[in-house]
Every structure is written in C-alpha cells, then in structure tokens.
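Starting from the two chains in their separate frames, assemble the complex, guided by the hints.
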Amino acid sequence: MDKSPVIEFKNFGFKYFAQMEPTLYDIDLTINRGEKVVIVGPSGSGKSTIGHCINGLIPFSLKGEISGSLKVCGEETKNCDIFSLSKHVGTVLQDSDGQFVGLSVGEDIAFALENDLVPVDEMRETVKRVADIVDMGGHLKSSPHELSGGQKQRVSFAGVMVDDVDILLFDEPLANLDPATGKTAIALIDDVWRQYEKTVIIIEHRLEDVLYRDVDRIIVISEGRIVADMTPDEMMASGVLPGLGIREPLYVTAMKYAGIDVTPDIHAGRLETLDIDAVKEPLLKWAAQKIDREIEEERPVILEAEDMDFQYTSRRKILQNINFKIHEGEMVSIVGTNGAGKSTLAKVICGFVHEDKGCIKYYGENIKDWTIKERGERFGYVMQNPNQMISKPMIYDEVALGLTIRGVPQEQIEERVNQALRVCGLYPFKKWPVSALSFGQKKRVTIASMLVLDPQILILDEPTAGQDYRHYTDIMEFLKSLNDKGVTIIMITHDMHLMLEYTPHAIVIHDGQIIGDSTAVSILTNEEIASKASLKLTSLYDLALKIGADDPEGFVDHFITYEREVVRRED
Amino acid sequence: MKTKLFDYIERDNVIFRLSGLTKLICFICMTFSVMFSYDIRYILFVTVLSCIFFWMSKLKFRQIRLMLIYVAIFLALNFVLTYLFSPAYGTEIYGTTHELFRFSNRYTVTEEQLLYQITKIMKYASMVPMGMLFLLTTNPSEFAASLNRAGVSYKATYALSLTLRYFPDIIREYNDIALAQQSRGLDFSKKEKFGQRVKNVVAVMVPLILSTLERIDLISNAMDLRSFGKHKKRTWYVAEPLKRNDFIAIAIGLLVLLGSLAMTFFVNGGSRFWNPFIK
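Protein sequences, first through last, are from chains A and B.
For the first sequence, the numbering used here gives the first residue as 1, with consecutive numbering after it.
For the second sequence, the numbering used here gives the first residue as 1, with consecutive numbering after it.
Hint data in this document are derived by calculation from the structure and do not stem from the laboratory.
Any given hint could be a false lead.
What the hints assert, rightly or not - One-sided excerpt, in silico: chain A residues whose CB lies under 10 Å from chain B:
id, residue
1, 99
2, 100
3, 121
4, 159
5, 256
6, 381
7, 383
8, 404
9, 405
10, 431
11, 513
12, 517
Cβ coordinates follow ideal geometry from the N, Cα and C atoms, glycine included.
Bound-form chain B, shown alone (with noise of 0.2 Å):
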C-alpha cells in the first residue's frame, strides 16, 4: 500500500528542473506580492502569470482538482459571510458609495463592496496554482532541503522528511493492529455504539504508539551511528545547485514582489487599495 502525503509524479520539464529553493522563493514572492496588495488588476496580473507557470508545469487537471473543489466551497462560504457581517466595508474603505440595488436596509448592494470582495476571494484564488505548483512539482525530498536552504533549521527541516519516510509505515501498522483487534472481536464499524467504538480505537492506539515510540529510539540510534548533528550545517544529496533558469525564476519573482509594492507606493499613492470611485 502506497500512502504518499502528495502525489508527486516526476515529469522533466522546465518547471520541474527548477531547484526546490527557487520554487520556493518564487512562492514565497507571489504569494506576499498578492496578499499585501488589494489592486485587483495587480493580482489578476498575478493570477494570469501563475496560471501561465501551471500550464508550462504540464500538471493535470485530475492532480488538483479535489484541491479545486476544497477551494471553491472556502472561497463561496468566505464570500457570504464577509456580506453578511459587514456588506458596508467597502465603503468604508473606498468613502464613496455607488449603490446598484438592495435586499434591506442594512443589505445593501454597492459596487464598492462589490469591488472589496471580488479583489478579496481573488486574492485566495490566485495562489492556488501557485501553492500547487510548490507541492506537486516538489520532489518531498527536495522539500526538506529548500527549507534548510531558506534559512530554516536543518533538524526541523529533517524531522519533517522523516515525517514523509514514517508515515506510510505508520499506516500500514496501524492496519495490521486493527485487523488482529478485530479479530478477537473489537467492532470498528457502525454496528458499535460510538462510546464502545472510541474504546476500541483506543486498544489500538495504545500498541502503535508504543511500538512506534520504540522505532524513534531505534531511527534516532542509527542516525546518531551516521554523525546527525554533528556540525551546525549539512549538505543535501537532492539539493540542486542553482542554474540560469532558477536565477531567471527568481528574479522573476522578486520584480513581482517589487511590483507590488511600486503599485502601491507609486501608481496608488501609498493606499493598497486602488480606488476607480474618486477621480
């Protein structure tokens, strides 16, 4: 049984040669260039830019589109409650009000709020080919390693690779301890009152945690044996060493960022908001 955290396919393509830093340097970039500013044609440039990156990625449909749908129902549910608390916001940001018709007295529509929060569920939406993007054309191995790079500590970084070593392992135990359980008559189906259905979960819980911290202390022994944590630094067997193209990526990603904020300071006088309502 294959349990992976993501489903990482190797496919050789410009995106995919791009080292784990980059991708995450760029996704580090894209994602702070989207979320500090609120001029929605700053961030459909961003969005149409990303999707361009995804289609070069040559990913599949089918790969995100669960994701897709998560996103989807977040971002309609996030939509109506942010009218539903406050539909005046955006006049309050803008100071105009361009009223289009409305439900109530309090429920009015304006195209100011209108505005707020089509920038705002677009401001979601435009990372998520991004955040795909990083997940899915990341080697998981390469992950640990771009983290380290980016200044994050390595034994961290180390225990999170572990993490995707262990887990599918973890799994497999646990299926293996359900079924001797079941065997001797432990219900875990539907049948069984819920009260006497967490008891029997946990008499499973109980041998796999203790088996699984005796594997800790055999991992952490044999890690010991080959010199983990014997310096402050280590070098990564998957790390890819920075070529044209990750230069290329990444200084396309800080002239997002800086594009940003020159939006910002420049183009709309230092507000992160752009406002089409004064002249």
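With the rest of the complex left out, here is chain A (with noise of 0.2 Å):
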C-alpha cells in the first residue's frame, strides 16, 4: 500500500470567531495513508477543534480564521467544500444519538446514501453489506429507541463506512459507553483498519482504553499546540503524560510505583507487548511491602434497602429481591450496563417511583410514605447533565431555589447559600451569571443546589462522564471533601478508575438483581461479576496475573492502599 500523506497540516492556525484567542497553533502534522493514530489532550485542548478541521466542518459550518494550510488526499481543504471532504473523511460523532438521524437502523445508515441521489436498489445492497460488518445486519428496522449506545455506535460506524472514505474520524467513541462494550468498539475499529486498510484518527482522553488494541502513534495536544507526536512504547517511556493532565495507564503507573525505568525498550506501550521479565522481580518485590493503613470504625447504616422489587408493568421486573446496606460516611459506586437498573434505584430512593414489595429504611425508619419534596432534603439528587438541572440565569438565585421554594426567611437563606457556595469554592462567583461558567463549574452550582438542603446524602449520576484526568480529579477530590465532612455519596458510574479509586464499596446491578456488594478491588478482580456487569478488569489485575502474583487481588489493593497512603501523603 502506498505510505503518502493523506493529512497535512502545515504551519496551521485557527481562530474562532467568536473567540479572542486562537484555539489553534502552528500545527505541523503529517498522518500517513494505513496509518492509525490516537490524538490526546485535555479539554479544552483543542484536540476536538483538529477533528473539526480534518472534517470540514471548519470552516464549513463552525465559522473562524485559518491560517497556514491543511491539506486532505492532496487538496487544500479551504478551497473544498463539506460535501466533498466528507467524501474523503468519514466522522463518527462522540453523541451517537443525535448522529442518528434515521427513523430506523436501515434509514440512518443509508442517509449519506440517499443524500447523494443513490438508487434504491442499489443502496439497499450497499446498507446490508456494510450493516453486516458492523454486525447489525439483524437490527436493519430497529427504531433507536430499541437499540443499546454500543449499538446506536456501530450504526454511526455504518453509516460513513457506506461512503467508502479513505479516513475514519473518531471523536471520543468511548464516552458513552460502558467498559465492555467500548473494548468492544476498539475490537471494531481495528479490525476494519486492518481489513480495509484505512487510515484511522481516534481522539480520545481515555488513552488505556484506546491501546486495548495496536497504534502507531500517539499525537499529545496541550493548549492548543503538538507536544508530542511518538509511538506508544516511546510515550510510555517519556513520561509527559502525567504533567498535561492525561491518565496514563494503570500498569505503568504501578511499575513507576514500583521504582522501574520505564524506557522504549521494555514496549511498555501496551500491556501485552511489554516485556514481562524485565519488570517482574522489582514489581513482586514492591508488592510484598506492608503499608499501614488506618482502620476505620463502623458507623451505623444510613440506607438499606430490604427485599426490595420495582415493576413499571406487570410483565417484567425492573428491580428484584434489592439488598443492601450503605453505612453513615461512605463512598459508595453503584455500576451495571446501561437498563440494568441502576437509574431506577436511585429514582425508588429519591421516591420519584414507589417500591412494589419490600422497603427502603432511613436510620432504619420505613420511607415509603415520604413525599419526593421530603426525601429531597434527606437525599440530593445530581444529575449527570448540569445543563438539565440549571433553571435560573445567576448563581446565587439557582443555589438559593430549593429554599426560596421551601419559604425559608431571606437572611437565612442568604448564609445558606453562601455556605454552600463556600464548600463548592464557588464564593467568588456569588453574583455571577450560570452561562460564564465551564462545564465542572456548572456541575459545582448543581452540588451546591443540593447542599444547601443540607442533605446527609448525595446520590450522583455518572458525577465524571465525560470529563478528562484533571476535571475527574477535581470533581472527584471535591466529592471526597464533602464526604470527609460527613456527606453519605452514591455514585452510578461506568468508570472503573472512579470506583477503583474512589469508592472502596461497589454494588453491581445485572438484570434488576445485585450479583456483587463488595469493595470495588475484588469487584474489579472477579471475572464472572464483571463479565456479566459489562465492566473491564483492570488492567493491574491482567498485570498482577502476568507476573505471576499469587494473589492478583491483593496486588490490586495494594495498588489502591500504596496509592492512598504514601503518594497522597506525599502530595
């Protein structure tokens, strides 16, 4: 296959319109035709504003200046226009629900078909066969409200794959999707980069993820320039990961835990090619040190749940037989795939729906006769989107809600707030307007809106969807804070490094049914749990298996404890 360029950026700017500063500088990259590369940054980065440029919709649709040149398949993409780039660059959007645009599997896949005056029959065939290939050549008429994100995904994949491009543009195919299922869409890419030798450009921040499978290289944005541009092996061994606020994989932190150098030559760059021996001995050694830890006295059971079933129809039971206990002061994930259940429990705990059989127990009092409003002061309830939360324009008047609503006196309401937005080190921002804020800072006025009910527990969905390294650890160590001064936290996660980190207990939901309540390390070290739940076993236990740990388990908690207790304290 010929290696000529197929994207080159050449001195390359650009400036949003609507902007003062440019997102973009002098970018000189240069990807080859075959070539799959990954491209990493933080948010805000601007490694999506790349993604945009390659496929047209800069300057097609999202308005800004360019300077210097990029070309695709040889021409100078500001004199193209999108319907010509798409020709060449096929995008699969990060939003894979509003990517599909057809009433049906068959017609979202056929839509860049029909755009392009495709004949019936014809376009038929071309549906079948590409639908075949991502293996949703069963669903052609599923409606997408039938089909699961995974497979909403691999409609999208279809439908630019209809268009025979040269390039596959993916925009951060895992962010909506459980473990699993996005090893499985990695699985997906790179099989169809090999088989139908394409160039593939995936933007990601979940880089561990992302190497599930071969790259050749990795391309690091950071304030919108290139830092680094180099093969997975060398990127490992660099160490610039870390400083730019990327999460590098798990299995290399622990080897620098461990006191190795790491350097190209052990292919650190993914777990299966490293070189085991060569990390083995100080690894097992480094396991087998004792750390202190504290020890944490019981505290009595805030929520449990006893025998507990939840039915919307008579049919088929959303919920069945849920047991558990969360104890006053812990930090607790709740994971399973998407429709197992979990959503609902944390609605039949805040009462928008009411148990069938069974009950929930507050401090050990029966709930069931609780209103929404009254368990709304016990329990706050975040939602993963701030933006659906958020129905005032100030900060001050959004926060202040919950009370003005409950008609608490104004000089009461006022320390309130102010105490909440305190907490959420948002004090400074009192006067202004919602629209001024980032994204995590609008997830922080939704935290507050809670607290400032003084809620004993706050129950989170999906608290770091989306979100990369240094946004995660900020919410995250925010969390902890609050939990630090007493707040109970649920949180209904996907994210295995949250759980792992975080939450020293995890429930898992599968069907309606908890099959796992443990910690979230033998959680994560338990084939059958996770299999069934849709979860990934950490990449520490694939480790501990592979330098033959006699107990893979306790390496990962020693990971966990090592990590809490003397890097923490060292910070």
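So this is what it looks like as structure tokens:
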C-alpha cells in the first residue's frame, strides 16, 4: 500500500470568530495513508478542533479564521466544500444518539447515500453489506429507542462506511460506553482498519482503553499545540502524559511506583507487548511491601433496602429482591450496564417511583410514605448533565431555589447559600450568571444547590462522564472533601478508575438484581461479575497475572492502598 | 418509554404493501371528491368504498376507537350548530320547502334542511376511514418520503421525519428534568397554586429548551457531515417503487375523483348539489 500523506497540516492555526485567542497554533502534522493514530489532550486543548478541521465542519459550519495550510488527500480544505470532504473523511461523533437521524437502523445507515441520489436497489444492497460489517445486519428495522449505546455507535460507524471513505475519524468514541462495550468498539475499529486498509484517527482522552489494540502513533495536544508525537512505547517511557493532565495506563503507574525505569525497550505501550521478565522482579518486591493503613470504625447504617422489588408493568420486574446496606459516611459506587436498573434504583430512593415490595429504610425508618419533597431534604439527586438541572440565569438564585420554594426566611437563605457556595469553591462567583461558568463549575453549582438543603446523602448520576483526567480529579477530590465532612455519597458510574480509586464499596446490578456487593477491588478482579456487568478487569489485575503474583487481588489492593496512603500523603 | 405519534403496527396485506405515495394520492383524490360533491348518493358510494378498503387493511377497530369518538362528538356538535345558526339554509339551496314539523316560527324542520345537513356530516364522516387508513398503514418514515415524492421540498419533509425521531427523546428528557426539579421541592401537582405551578413548569422548560437547542446544533452538524442538502433532490431508502397494485389503486382514486366531477357536470347539470325536490 502506498504510504503517501493523506493529511498534512503545515504551520496551521485556527481562531473561532467568537473567541479572543486562537484555539490552534503552529500545527505541523502529517498522517500517512493506512496509519492509525490517537490524538489525546485534556478538555479545551484543541483536540476536537483538529478533528473539526479535518472533517470540514471548520471552516464550513463553524466559522473562524484559518492560517497556514491543511491538505486532505492532496486538496487544500479551504478550497473544497464540506460535501466533497465527507467523501474522504467519515466522522463518527461522540454522541451517537444525536448522530442517529433516521427512524430506523437501515434508514440511518442509508442517510449519506440518500443525499447522494443513489438508486434504491443499490442503496439497500450497500446498507445490508455495511450493516453486516458492524454486525447490525439483523437490526435493520429497529428504531433507535430499541438499541443500546454501543449498537447506536455501530450504526453511526456503518453510516460513514457506506461512502467508502479513506479516513475514519472517531471523536471520543468511548465517552458514552460502558467499559466492556468500549473494548468491543476499539476492537471493531481495529478490525476495520486492518481489513479495509483505512486511515484511522481516534480522538480520545481515555488512552489506556484505546491502547487495548495497536496504534502507530500517539499525538498529544496541549493548549492548542502539538507537544508530543511518538509511538506508544516511547510515550510511556517519556512520562509526558501525567504532567499534561492525561492519565497514563495504570500498569505503567504501578511500574513507576515499583521504581522501574520505563524505557522504550521494555515496550510498555501496551500490556500485551510489555517485556514481563524485565519488570517482574521489582513489581513482586514492591507488592510485598507492608503499608500501615487506618482501620475505620463501623458507623451506623444510613440507608438500606430490604427485599425490594420494583416494576413499571406487571410483565417485567425492573428491580428484584434488592438488599443492601450503606453506612453513614461511605462513598459507594453503583455499577452495571445501561438498563440494568441503576437509575431506577436511584429513582426509587428519591421517591420518583415507588417500590412494589419490600422497603427502603433511612436510619432504620421505613420511608415509604415520604414525599419526593421530604426525601429531597435528605437525599440530594444530581443529574449527569448540569444543563438539565439549572433553571435560573444567576448562580445565587439557582442555589437558593430549593430554599425559596420551602419558604425559608431571606436572611437564613443568604447565609446557607453562602455556606454552600464556599464549600463548592464558588463563593467568588456568587453574583455571576451561570452561563459564564465551565462545565465542571456548572456541575458544582448543581451540587451546591443540593447541599444548600443540607442533605445527608448525595446521589450522583455519572459525576465524571465526559471529563478529562484533570477535571475528573477536581470533581472527585471535591466529592471526597464533602465526604470527609460527613456526607454519604452514592455514585452511579461506568468509570472503573473512579470505582477503584474513590469508592471502597461497590454494588453491582445486573438485570435488576444485585450480583455483587463488596470492595471495588474484589469486584474488578472477579471475572464472572465483571463480564456479566459489562465491566472490564483492571489492567492491574492482568499485570498481576502476567507477573505471576500469588494473590492478584492483593496486588490490586496494594496499588490502591499505596496510592492512597503513600503517594497522596507525599503530595 | 415509547411514545409514538401514530400507533403504526406493521402488517402484511394488500393495503400495507401499497407505497406511501399511492396512499397519499388516493387519500387526496377521495377527500377532494367528497369535498367537491354535495350529492349524497355519491358520498355514500365513496364511504362504502373506503370502508371496504379499511376492512381489507385488517386494522383493528380498537386502534381508531378514540379517534372515532372525537369525530362523532365533533359531527354532533356541528350538526346542532348548523341548525341553530341557519335552520333554513336547505330551503335556500334547493329552492323548495317541504315542512315536516316545527319547533317555533324560526326553527322549522324541512326535508331540504335535513338532506343538506345529513349530506354535510356524511362528507366529514366518509373521510374518517380513509384518513385513518392513511395514517395507520403508512410507515412514519415512508410518510416523509411520500410527501417529498408528491412534490413537497425534501428539507421540509425531512424536518417532519426528524420531529418523529426526536419527539420521544424530548419527552423523556422533560420527564427526567421534571423529576430532578421535584426533588428540589418544585411541585407540579394540584396541591400547588395555579400561578406557582406555571412558574414551576417554566423552571423545567428553560433547561429543556437550552438542551434541545444544543441537540439541534449537534444534529445539524451530523447531517452536514453526511452530505444533507448537497443536491436539489434526494432518494429515499424506504421509498417503494410503484408496482401493479399501486397503479390500480391510483387508477381507482382518479376514477373516484372523475366520478365526482362527472356527477356534478353531467348528472346534476353543473350544480354541486343533488336536488331531488324539483322533478
């Protein structure tokens, strides 16, 4: 295959009209035909903007000022139009739900062909063929509401494959998928790359998950510039990632803790290629260290479920025989696939729907007769997307809303709002409009507007979804600080790093039943539970198996304890 | 949660297999023919015909029951009001007076008025089976395609199709937002004063509108990236080529329309009304 360049950025820069500063500076980047590259970078680094430049949304839909040159398949993009570029570059967007414009799978895959006036017979043939490539051939008539997130993404993928494009561009393909589905998605991209000899560009910040399969190069963007462009092996050895707010794979972190000098020669780019013999001894030695840990005393049970069932219709039970105990001051994660019943459980706790059998108890009291409003004073529910919760233009009013409704006197409101804003680090913005805030800050506003009611328990739906490592750490450290002040925190999540690092206690739901209720470490090292709940075993566990550790679970536990007790204390 | 605008259930029979375009043409032809003619004989003929088609489609009565109730109420109301406002309109049209009985000097009941009013409600009633047939046997996606093939701009018809696509999503989002606001203490139930309730609903609408706008941005980018709007025309994955049955159905539709015109011009001598009172 000829290795000529398909994408050439030369001294390229871009500034959105709506912004003061350029988003991209001096980009020099060449991607050759048949390469597979990953572009990583923290949020706001400009990595998505690079993607928009390649697929033509810039400058044709998103307006701004371009300097320098960008050629895609030999043509200067400024002189093309978005339609001719879309014949070279197929883009799979992050939000596969928004990208799904058809009323059924077949129609959605056919969308680009319809717009190109392809005759119906030929179109149906192509759709069938491409749908089979992504394994959706049996679902051509399904409507989007019947599909899972992973399936919708496959449909989007097929939708760009129908054009027989040279370049496939994936914008954060893992953002909305659970770990196991994400793994399948990466495998599918890899298979298509090998079999059809496409050029593949993946924009993503979850590097470890992308590196589940081979990539040629990793390109790191920070503050609008390319700061690194090397092979995965070199990247792991260089150590540039953590400094830029991008998480390196956990097994690499473990090797560093064990004092191993990571060089390109040990092929640390992927766990599969890692030279185990070179790292085995020091890792085992490190894992054998003893670490003192604080023993926590048992606290009273704040929330418990007893034999609880819930069903919308008589046909199918959504939740069945749910039993759990959550102690005061715990940080708990509730995990499981989409549709397993996690969100429904949160809805039952908040009283949006009512259990059919059994009960939920708060400090031992059955809360069956509590209204939504009453529950809202004890349990704060924070939705995934802050934009769905914020209904007032000003931060102060938004946070005060819950108190105003309850008719609390003005002076008292002011005092409590100030207090909540201080806890959330938002006090300086007290008089600001909500629209001036970043996503992470808006999230804090929604949390503050719950805290103002002084809840004992915070329930958060996917608190870190779509956040890069830096924002993830910000949010999680903030929640940890609330937790230290005594608030019990329950999180519904897909993020295994979150589970492992922040929640000692994890509850796994599958098909409406609890199939695991234990420490996060023991769940993420249990193959049966992980595969049922669509989780992925942590790479630390795989590393432990590879080096032949006697107690792989203990190895993972050692890592977490080491991080908590030794590394954090040093900070 | 599934929220669908029409309760489309796919079945396999002669009517379902017709293309959406055919059904649209037939619907328009038959509607026009009954709208044009005031000849009750012809209207009854079309009504019987459309009932036969309805029977052929094997649709369940329960699917249209609710709609029928609405139509019946509307027709009854229409019947009463027409009489209250113009009790002598029939006489005016047909030029004769055959009085049956009278309530008062103004409100007499004449054969002419009766014929006129029965004709009028039959006109509406006869369209119900056809309209229901069109809505319930046309796949929602084919609906947009058939409108486009009948000459409406594809950008407009695609907007319709997108509405069908995203309507359930927006309903779901509304419910989610409403729940979250309720836990903060916003009350949507009747316990709350009406004014406050309206304010509370606004508190849900603001985030809903903002997130819908965000979504529209995303969708329009996604559509741009897949060449929407590149040509003046587009083809449709769901469009069925017209088959023999389609041509037969279209022919029937056109004949019905021509029949209506023929009745007017040849049988009733150029009048849209059939007048049995003048021999």
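Results of checking the hints against the structure:
This hint holds: residue 99 (chain A) has a C-beta 4 Å from the nearest C-beta of chain B, less than the 10 Å allowed. Because the closest C-beta pair between residue 100 (chain A) and chain B is about 8 Å apart, less than 10 Å, the hint holds. The closest approach between the C-beta of residue 121 (chain A) and any C-beta of chain B is roughly 9 Å, which is under the 10 Å cut-off, so the hint is satisfied. Below 10 Å, beta-carbon pairs count as interface contacts, and residue 159 (chain A) has one with chain B at about 7 Å; its hint therefore holds.
Annotation: residue 256 (chain A) was flagged as interfacial toward chain B, and the flag is violated, the nearest CB pair being 39 Å apart, outside 10 Å. For residue 381 (chain A), the interface hint holds, the least distance from its beta-carbon to any beta-carbon of chain B being 5 Å, beneath 10 Å. A cut of 10 Å between beta carbons decides the hint on residue 383 (chain A): the least distance to chain B is about 5 Å, and the hint holds. Interface hint at residue 404 (chain A): satisfied, since its Cβ lies 9 Å from the closest Cβ of chain B, which is below the 10 Å cut-off.
Evaluation of the residue 405 (chain A) hint against chain B yields a held restraint, the C-beta minimum of about 4 Å falling below 10 Å. Contact between residue 431 (chain A) and chain B, as hinted, is not supported at the beta carbon level, the nearest pair being about 20 Å apart and thus beyond 10 Å. Checking residue 513 (chain A) against chain B: minimum C-beta separation of about 22 Å lies over 10 Å; hint violated. Checking residue 517 (chain A) against chain B by beta carbon gives a least distance of about 25 Å; that is not within 10 Å, so the hint is violated.
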